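Asker: Residue numbers (my numbering), protein chains in the order written: chain R, 1 to 339; chain Y, 1001 to 1339.
Quick caveat, the hints were computed from the structure, so don't treat them as lab data.
Since we're looking at a predicted model, the values are computed, not measured.
Every residue gets a Cβ at the ideal spot worked out from N, C-alpha and C, and that includes glycine.
Wrong hints could be hidden among the right ones.
[What the hints assert, rightly or not] Restraint ranges, calculated between C-beta atoms of paired labels, are given here:
1. Y:His1201 - R:Leu245: 23 to 31 Å
2. R:Asp183 - Y:Gly1334: 25 to 33 Å
3. Y:Val1212 - R:Asp183: 55 to 63 Å
4. Y:Pro1268 - R:Ala116: 51 to 59 Å
5. R:Asp195 - Y:Val1212: 55 to 63 Å
6. Y:Arg1020 - R:Val211: 30 to 38 Å
7. Y:Ser1332 - R:Gly155: 48 to 56 Å
8. R:Glu96 - Y:Glu1096: 39 to 47 Å
9. Y:Glu1096 - R:Thr329: 52 to 60 Å
10. Y:Met1198 - R:Asp216: 26 to 34 Å
11. Y:Arg1149 - R:Glu96: 36 to 44 Å
12. Y:Pro1043 - R:Ala116: 47 to 55 Å
13. R:Leu245 - Y:Pro1109: 42 to 50 Å
14. R:Arg325 - Y:Ser1332: 38 to 46 Å
[Claimed, not checked] Take a look, some chain Y residues computed to stay more than 10 Å from chain R by CB distance:
15. Pro1068
16. Asn1087
17. Gly1193
18. Arg1207
19. Ala1328
[Unchecked claim] Here are a few chain R residues that face chain Y, going by a calculated C-beta distance under 10 Å:
20. Met6
21. Gln15
22. Leu26
23. Gly77
24. Gly83
25. Leu114
26. Leu115
27. Arg117
28. Thr133
29. Gln138
30. Gln154
31. His291
32. Leu294
33. Arg303
34. Gly305
35. Asp337
Number of protein chains: 2
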Amino acid sequence: ADAAAMRAAEERQGQLTKPRGSLGVLEELGTRLAGMYAVCPPPMPEPVAIAVFAGDHGVHAQGVSPWPQEVTTQMVGNFLAGGAVINALGRQVGAEVTVVDVGVAGDVPDAPGLLARKVARGTADMTQGPAMTPEQVQQALEVGIDAARDLVAQGNRLLVTGDMGIANTTASAALTSAFTGLDVEQVTGRGTGIDDAMLAHKVGVIRRALVVNAVDAADPVAALAAVGGLEHAAVAGFLLGSAALRTPVVLDGVIACSAALVARAIAPDAAGYWVAGHRSVEPGASAALDHLGLTPLVDLDLRLGEGSGAALSVPLVQSAARVLREVATFDSAGVTDKA
Amino acid sequence: ADAAAMRAAEERQGQLTKPRGSLGVLEELGTRLAGMYAVCPPPMPEPVAIAVFAGDHGVHAQGVSPWPQEVTTQMVGNFLAGGAVINALGRQVGAEVTVVDVGVAGDVPDAPGLLARKVARGTADMTQGPAMTPEQVQQALEVGIDAARDLVAQGNRLLVTGDMGIANTTASAALTSAFTGLDVEQVTGRGTGIDDAMLAHKVGVIRRALVVNAVDAADPVAALAAVGGLEHAAVAGFLLGSAALRTPVVLDGVIACSAALVARAIAPDAAGYWVAGHRSVEPGASAALDHLGLTPLVDLDLRLGEGSGAALSVPLVQSAARVLREVATFDSAGVTDKA
């Protein structure tokens, strides 16, 4: 991020016709956006593209979700037909939705809006060994990097992460425990809504996977291979690719936040381009946000995924930039400043 | 609000292709909107109109704000020129801004977007007696009722409260203390940003006003006359008028929340049509929201007023309705429901 543009934005915040600091988090975000775009005022963060990375998980076989695995493929069909929550929210905020099949187990018929980049038909079961091979991780990272590159090349100035994958909160919790150092129990949640018994079982499954694979956060790509998902790897690549192109990207919930921990371990400076869209109900999301030092914009008890919480925050991100662009100064408006 | 439409919305929330309850606060809001519009799914809450009620305060003479009183008039000029934060945020969410001069001390030249409805050139000093006469309160309430009626007649389906008035957080704190029963100290904040000494002085001024006027919440109109502001009365009328026309209205911060306490004391059922836009930094706003039983949508440490926090929440309100309108059901999308 550009320090001179951030200084200029901070100075400008104090000249606008409002009490200094009265827009709270929005002022900090506006200043960060100036830094990311390296110009003050920042451009409007639009057009906006949402990339929903979909994959399946071998650990589903361990009974960590009440949903059948084929729901991943079915929901991808729903996204492509425009019928899911993320499609409705995308329309609300004027963002295009791209669905990236990076690892769905079932067949996904070609359709407008689909990027067919299947690396594997789901991961292997992390309780039996690594979820992915090193080659698969590398390919999935590149799928995300390429998606960011293509969306930025198409003119998008704000990217949004989304995800779909039955059992993918299990992989997120494993990654979040590994990268924050917190106990598995502290970062494992109910995902789409599991009961106490299944939650206790899920915690046990994750503990086993971390031991079986001897996961070590000091080697982030190996950790990702061990207990991550193909969509986690792709989101991590997407976050790295966006940052390399100096394009802000809004993180959705627990999947994106866990992928962000991996991405930051690979390239710490990339985090300067990430905005926390919302605070998910999942405890791992809050743990990861604390670790990343990011303040979420929306906190509405969401636990859906797909990019829904991030999409909801898009108008707030745009508002932060718009204030710096459009609000008059005390001087220009002839308003008397505070005594 | 319509109970049958709310039941239908609740049932529909459970059929949409998402885990039940996974949209948290947004689901409750969608169901409430169905009740307000008396139909499921609810219509899109658009077009949107923001009404900024402006007035001055005799209590300014007691030194409760570091800003000179003429800033109210100057900021009204800024609103009409399109240069204030509320103008920028209105453009962001596609909402028109109407400025209502219900009691500005200075002269406001006619301009497009201005409703000239001056009841008085500011209130009287509440530490010396009632801020308003009974006739002035009645007139200001009617200004708000009329504004709601006109904006709904123009086709608007969602209204947003805004306010401007140097020293108006003093009146809000007095009203909030009276209607919640909380001590003045618990509901008085720093407004646009005052120091500890001025805050202590402000608390003393409010205590004095409540005693001098023997304020009694059992007579809400008299309480409003005693320690309210012309814009508080107009916002209360606006809230009552919107509810009578079954049109949802988004509350901004501490001014709107204190006016809502008065309006609910006058007509308890009206509160069913109010949505809490955001949680202001002002302690009185949170106290009032608790008392009203409303959950704010945005919490970004804002303390600007003008309607800014409410405007930011408009896309969230629209998203809640849009989900009920546009998301496919498990049946229609061919997605398998949870086991």
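Asker: Compare the structure with each hint and give your call.
Answerer: Now for the hints, and whether the structure bears them out:
1. Our hint of 23 to 31 Å for histidine 1201 of chain Y and leucine 245 of chain R is violated, since their Cβ atoms are close to 53 Å apart.
2. The hint said 25 to 33 Å for the Cβ distance between aspartate 183 of chain R and glycine 1334 of chain Y, and at roughly 40 Å that hint is violated.
3. For the hinted restraint 55 to 63 Å between valine 1212 of chain Y and aspartate 183 of chain R, the CB-CB distance of approximately 59 Å keeps it satisfied.
4. The given range of 51 to 59 Å is respected by proline 1268 of chain Y and alanine 116 of chain R, whose C-beta atoms sit roughly 57 Å from each other.
5. Separation of aspartate 195 of chain R from valine 1212 of chain Y is about 59 Å and conforms to the stated range, judged on CB atoms against 55 to 63 Å.
6. For the hinted restraint 30 to 38 Å between arginine 1020 of chain Y and valine 211 of chain R, the CB-CB distance of approximately 34 Å keeps it satisfied.
7. The hint said 48 to 56 Å for the Cβ distance between serine 1332 of chain Y and glycine 155 of chain R, and at roughly 34 Å that hint is violated.
8. Restraint check, glutamate 96 of chain R to glutamate 1096 of chain Y: a C-beta distance of roughly 27 Å breaks the suggested window 39 to 47 Å.
9. Range check, glutamate 1096 of chain Y to threonine 329 of chain R: Cβ separation about 24 Å, and the 52 to 60 Å hint is violated.
10. Distance hint check: the CB atoms of methionine 1198 of chain Y and aspartate 216 of chain R are about 55 Å apart, inconsistent with the given range 26 to 34 Å.
11. Range check, arginine 1149 of chain Y to glutamate 96 of chain R: Cβ separation about 40 Å, and the 36 to 44 Å hint holds.
12. Look at proline 1043 of chain Y against alanine 116 of chain R: about 38 Å separates their beta carbons, and that is not inside 47 to 55 Å.
13. A hinted range of 42 to 50 Å holds for the C-beta pair leucine 245 of chain R and proline 1109 of chain Y, which are about 48 Å apart.
14. Checked against the given bound of 38 to 46 Å, the beta carbons of arginine 325 of chain R and serine 1332 of chain Y, roughly 42 Å apart, stay inside it.
15. Annotated as non-interface, proline 1068 of chain Y brings its C-beta within 10 Å of a C-beta of chain R; the closest such distance is 6 Å.
16. Taking the minimum C-beta to C-beta distance to chain R, about 7 Å, the non-interface status of asparagine 1087 of chain Y is violated against the 10 Å cut.
17. The Cβ of glycine 1193 of chain Y does not lie farther than 10 Å from every Cβ of chain R; its closest approach is about 5 Å, which violates its non-interface assignment.
18. Every beta carbon of chain R lies more than 10 Å from that of arginine 1207 of chain Y, the smallest distance being close to 24 Å; the non-interface claim holds.
19. Chain R draws alanine 1328 of chain Y into its interface by the beta-carbon criterion, the shortest separation being 3 Å against a cut-off of 10 Å.
20. Below 10 Å, beta-carbon pairs count as interface contacts, and methionine 6 of chain R has none with chain Y, the closest being about 19 Å; its hint is therefore violated.
21. At its closest, the beta carbon of glutamine 15 of chain R sits 12 Å from a beta carbon of chain Y; the interface hint therefore is violated under the 10 Å criterion.
22. Annotation: interface hint on leucine 26 of chain R holds; nearest CB of chain Y at approximately 6 Å, less than 10 Å.
23. Hint on glycine 77 of chain R holds. Least Cβ distance to chain Y is approximately 7 Å, under the 10 Å limit.
24. Because the closest C-beta pair between glycine 83 of chain R and chain Y is about 3 Å apart, less than 10 Å, the hint holds.
25. With a least beta-carbon distance of about 16 Å to chain Y, the hint placing leucine 114 of chain R at the interface is violated under the 10 Å criterion.
26. Taking 10 Å as the C-beta contact cut-off toward chain Y, the hint placing leucine 115 of chain R at the interface is violated, the least distance being around 21 Å.
27. The beta carbon of arginine 117 of chain R comes no nearer than 23 Å to any beta carbon in chain Y, farther than 10 Å, and the hint placing it at the interface is violated.
28. Checking threonine 133 of chain R against chain Y: minimum C-beta separation of about 30 Å lies over 10 Å; hint violated.
29. Among the interface hints, the one on glutamine 138 of chain R is violated; its C-beta lies about 32 Å from the nearest C-beta in chain Y, farther than the 10 Å criterion.
30. Taking 10 Å as the C-beta contact cut-off toward chain Y, the hint placing glutamine 154 of chain R at the interface is violated, the least distance being around 23 Å.
31. Restraint check, histidine 291 of chain R versus chain Y: the minimum CB separation of about 21 Å is more than 10 Å; hint violated.
32. Annotation: interface hint on leucine 294 of chain R violated; nearest CB of chain Y at approximately 14 Å, more than 10 Å.
33. Among the interface hints, the one on arginine 303 of chain R holds; its C-beta lies about 5 Å from the nearest C-beta in chain Y, closer than the 10 Å criterion.
34. Among the interface hints, the one on glycine 305 of chain R holds; its C-beta lies about 8 Å from the nearest C-beta in chain Y, closer than the 10 Å criterion.
35. At about 8 Å, the closest approach between the beta carbon of aspartate 337 of chain R and any beta carbon in chain Y falls short of 10 Å, and the interface hint on this residue holds.
Hint violations for this structure: numbers 1, 2, 7, 8, 9, 10, 12, 15, 16, 17, 19, 20, 21, 25, 26, 27, 28, 29, 30, 31 and 32, all remaining hints satisfied.
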